[in-house]
Amino acid sequence: MTETLKREEVVAARGIKVTFGAVKALDGADLVIHAGECIGLVGHNGAGKSTIVNVINGGLSPHDGSLSYSGSEIHGISAARANGVRCVFQELSLCPNLTVGENARIMHAELKGWNWRGRALSLVETQLRDIFPGHSIDCDLSIDDLSIAERQMVEIAISFAGIDQRPKLVILDEPTSSLDAGLAAQLMAYIRKFVREGGSVLLISHILGEILSTSDRIVVMKDGRVVADRAASEFTTRSLVEAMGNVVREQEFSRAASVRTGEPVLSMPPRRGHGLAFQAWRGEMIGLAGLGGHGQTEALLDLYLDRNSNWWPTRRGEIAFVAGDRSLNGTFPLWSILKNLSIASLGQLSTKRMVDRAREETLGAGWKQRIEIRTPDMGNRILSLSGGNQQKVLFARALATTASTVLMDDPMRGVDIGTKQEVYEILRSEAANGRTFIWYSTEMDEIRLCDRVYVFRDGAIAAELVGEEITEKNVLAASFSEGDAA
Amino acid sequence: MKLSSGTVRLIIPAASLVLLLAAVFYMQPRAMSYTGLNLLFNLAVPIALATIAQMLIMSVNDLDLSMGTFVSFCACVTATFLQTSPGLGILILLGAIAAYAVIGVVIHIRDLPSIVVTLGMSFVWGGLAVLILPSPGGTAPGWARWVMTAKPPLVPVAIVASILIAAVTHYIVMRSSFGVLMRGVGGNDRSVERAGWSVIGIRAATYALAGFFAILAGIALVGLTTSADANIALRYTLLSIAGVILGGGQFVGGKVSPIGAVIGALTLTLAGSFLSFMRISPDWQIGAQGAILIVVLALRLALNRLEKREKSQ
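Line order of the protein sequences matches chains V and A. Per this note's numbering, residue 1 is the first one in the first sequence, and the count goes up by one each step. Per this note's numbering, residue 1001 is the first one in the second sequence, and the count goes up by one each step.
Bound-form chain V, shown alone (with noise of 0.2 angstroms):
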């Protein structure tokens, strides 16, 4: 510990107070964060991370407390980059009508001058060698032409990326929210290794195992405030998610034994002309697994515009879609957390083609009874909420409809464990009723609450796991099995 101390300090927060409105974001929160140390910042979704990430690149000033870069008081975004803070947030943050360089322009104000375009592609290119080794980035393409795990790749690399100086602190909120498990590996080993030479990097991950395994010192914050700080060793997973306030529940596995009782209710023939054929009954969970970006959420959208016609919205929705990538197709962010969630089920809400305001609002407050929707008010914008709870009213739009089947594209994406635990119930329930889910997750938590699991590789379904055989040995296995030859 003592060592510790004697390190440069790179940033200091000390007693950091944010309020939005009534809403106290961060009330008396400490972060210190010394140079050559990885920091681990967990908590519920909603406890302040994201708020004191804002806090310390810049963005947003506190309204009591001290904040210092390398022991001067400074504030503001010019500030904290001159002080080598770089932040890659949670949602994708480049500009998707650039090409790759265009953006490391940006970012590094210092790329000027003749040739920066050159400076900036070999700037980027040697980065993403050095992080993703082995990677098939053409950095001469637009944003919007990659893939959600290349765009995240993409930004990461320029966040670590020094021109005249390496940054000191880079702050990598969720970063792996969209990587598979090799990419995820070989940016934690990157991490490792740039805190060994001397970087500091605040992680912030919903992922336990990947805070446990990288990070020097774990911070946990609930409710704004720090509420323990110690070096990684001293937690388990177990204790880790005990301090953040949740009970860790046994997981129950008791799958209802699948009644197939007559027609499946979904149905699609084997995809690009091999592999399995995709069938779903009534009543059941099932899961598509397989490592990221291998066709699972084109299978979904192809399900779902099978039932609904592109050309003309179906009178009845028999089938509902929960959106992964929020900003992009989920919410609509003018509009109040209320309509947002109400939107999918306007036709049942309605007397002679008018809304019922009255039932709008029972139908409101009862789903944010049900999952904790943490507003004080439904009529207030959908993006005053944090991330995972945005997502919350998404998932709660499809559930409230009479949709007998729901597709979900990854939506647990940055949900803390306590709400997913309440959500996994809330399906628990509704596939009892008859509900059909068809979920696809990159968790494997996830993925085994499912009855039947299809592993998704190269576009098409490489496997079908059933009850017991749904094991994260079995899933990896049907990802892997044929390695680089398919």
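If a hint is listed, it holds; no wrong ones were tucked in.
Which bits of chain A does chain V cover? Going by a derived footprint, with three or more residues having C-beta under 8 angstroms, they are:
#1 1178-1189
#2 1192-1199
#3 1246-1255
Just so you know, the hints here were simulated from the structure itself, not pulled from any lab data. Just so it is clear, CB atoms sit at the ideal spot from N, CA and C, and this is done for glycine as well.
Chain V is fixed; fit chain A onto it per the hints.
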């Protein structure tokens, strides 16, 4: 070779221009000459400049509904003050550029819809134009007239000007650092802000640059017509928007193409001549021009869809 999506977006506008040109040459072979080409395209120069101005505004996700009246105002200033007392004229035009920058700042700070602000401004510019020139008149400055009627060897001035405009704006918008920042604001202004840039400054500069190109459009127009009128360029508002879209630009997301915008402006001008050559009565011309627009845009949508399908495979 893999084509970038920007190049793919340019194919349809370029192909439609070539097709229209071929059709015009087929119907009227005499147009295939130095004078013919100049006559076909010389009205395209001010439209191309106005389209570039509109494209700059659209690259930061805004829309300028005062383009037509502003170009008219500039034309009136050019035909009066700039001709009689150049110092005062230049001062007025610099003031107009400053006004554009202020509009950009106001739109950004107050988070106002640009459509509303510029619609309001269109009445201001229109009113000022009428105050300057209550009835059609004025005289073009000699140099403006000289530039627009110059006879360079081999290639008519309209073509030279179009290529020059496309090259210069391509450099500014697509290659320079400022262009990257400008399109970055259109693509994701929060990310530009977080990187430590002043989005207000970028927006103000973009608007000022748009004002500058709109002024050039006004001067070029007067150079061609020799006199001005307060309503001379009213249809430029919609023509410029159509030109940007026709050239592969998009309303939001910072996806613009200066070369495409110039091609779009040329196509729009040519469509008018094409319809006259077809002996379509003027009553039907506007409708037929609209039909051409719809066909080109439909082609582009089809291409976008094809591109998307390719990507998903």
